[in-house]
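S.K.: Fit chain A to the supplied structure of chain D, relying on the hints for placement.
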Amino acid sequence: EPEVTQTPSHQVTQMGQEVILRCVPISNHLYFYWYRQILGQKVEFLVSFYNNEISEKSEIFDDQFSVERPDGSNFTLKIRSTKLEDSAMYFCASRAGVGWDEQFFGPGTRLTVL
Amino acid sequence: DAKTTQPTSMDCAEGRAANLPCNHSTISGNEYVYWYRQIHSQGPQYIIHGLKNNETNEMASLIITEDRKSSTLILPHATLRDTAVYYCIVRVESWGKLQFGAGTQVVVTP
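As given, the protein sequences belong to chains D and A, one line each in that order. Going left to right, the first sequence walks through residues 1 to 114 as this note's numbering numbers them. Going left to right, the second sequence walks through residues 115 to 224 as this note's numbering numbers them.
Next comes chain D alone, as it looks inside the complex:
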């Protein structure tokens, strides 16, 4: 069964460093999303992406964040200058875009900012 994959599974970085989280959505899916979950808190929406552009973003997704689909398979989330409060699980999701079909989530990347 097709699945969303994410790498790395765990990323440790120093405050102020740039990180890139990578996702490979399910093939032929058209809509892509990033969510995050701070330990013990709710899953929060960050950004949605369709047709090579951001379709919606939350207040969390400020200028320090960017997303890109550099080729036909990868979908990346970049954090330019990480802060301690960026420590969280980051989940990528994708959906085919047929009617009200579901979003499929990846296993997540645990980001730890020291």
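The set of hints was computed from the structure by calculation and includes no laboratory data. This one's a predicted model, so the numbers in the text were calculated from it and none came from an experiment. Every residue gets a Cβ at the ideal spot worked out from N, C-alpha and C, and that includes glycine. A hint or two may mislead.
[To be verified] Partial list, computed: chain D residues near chain A (C-beta under 8 Å):
id	residue
1	Y33
2	K42
3	F45
4	F61
5	F65
6	E68
7	F104
8	F105
9	G108
10	T112
[To be verified] Footprint (simulated), chain D over chain A, 3 or more residues, beta carbon under 8 Å:
id	region
11	151 to 165
12	206 to 217
[Said to hold, decoys possible] SDA-like, lysine to any residue: derived pairs with alpha carbons at most 20 Å apart:
id	chain 1	residue 1	chain 2	residue 2
13	D	K57	A	Q213
14	A	K117	A	Y160
15	D	K57	A	V206
M.R.: Chain A in isolation, oriented as in the chain D frame:
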């Protein structure tokens, strides 16, 4: 903010049916109800969704009241692996984000 209300937690005996309630009294006519679950810190897993008719798949059944102001997710024969946080989500647009609330922590006991 999430448009749903769920109990914080519930226990269920292994092998019995688990009935998870959800209130969504402000749901609009074209908004769907989705259920996801999250086992420990894994990625949320899709379970089922519906608009107004009852739905069933290999994982669960979804019962939506006629006025659509509430729904119940039914896990017919709960197993220990069904221990998870279950999220009831009202989705506003087909392309849009999922707004997760706190969900219901379900613990299945032997």
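S.K.: Between K117 of chain A and Y160 of chain A, does the CA-CA distance stay at or below 20 Å?
M.R.: Roughly 18 Å between the alpha carbons, so the hint for K117 of chain A and Y160 of chain A holds.
S.K.: May I ask you to test the interface hint for F105 of chain D with respect to chain A, counting a Cβ-Cβ separation under 8 Å as satisfied?
M.R.: 4 Å, holds
S.K.: Against chain D, does the region 151 to 165 of chain A show at least 3 residues with beta-carbon separation below 8 Å?
M.R.: Held - the region 151 to 165 of chain A has 9 residues with a Cβ nearer than 8 Å to chain D, which meets the minimum of three.
S.K.: Quick check on Y33 of chain D please, does its C-beta sit within 8 Å of some C-beta on chain A?
M.R.: 7 Å, holds
S.K.: When you check the alpha-carbon spacing of K57 of chain D and V206 of chain A, does it fall within 20 Å?
M.R.: 15 Å, holds
S.K.: Against chain A, run the beta carbon of K42 of chain D and see if the smallest gap drops under 8 Å.
M.R.: 5 Å, holds
S.K.: Using Cβ atoms only, decide whether F65 of chain D comes closer than 8 Å to chain A, and label the hint accordingly.
M.R.: At about 15 Å, which exceeds the 8 Å cut-off, the nearest Cβ of chain A leaves the hint on F65 of chain D violated.
S.K.: Does F104 of chain D hold up as a contact with chain A if the rule is Cβ-Cβ below 8 Å?
M.R.: 7 Å, holds
S.K.: Would the hint on T112 of chain D stand, with a C-beta cut-off of 8 Å toward chain A?
M.R.: 13 Å, violated
S.K.: Taking the closest Cβ pair, is F61 of chain D under 8 Å from chain A?
M.R.: 11 Å, violated
S.K.: Do the numbers back the hint for E68 of chain D, that is, is its least Cβ distance to chain A under 8 Å?
M.R.: 19 Å, violated
S.K.: Identify whether the interface hint at G108 of chain D stands, where standing means a beta carbon of chain A within less than 8 Å of its own.
M.R.: 5 Å, holds
Consistency with the previously given hints fails for numbers 4, 5, 6 and 10, ordered from lowest to highest.
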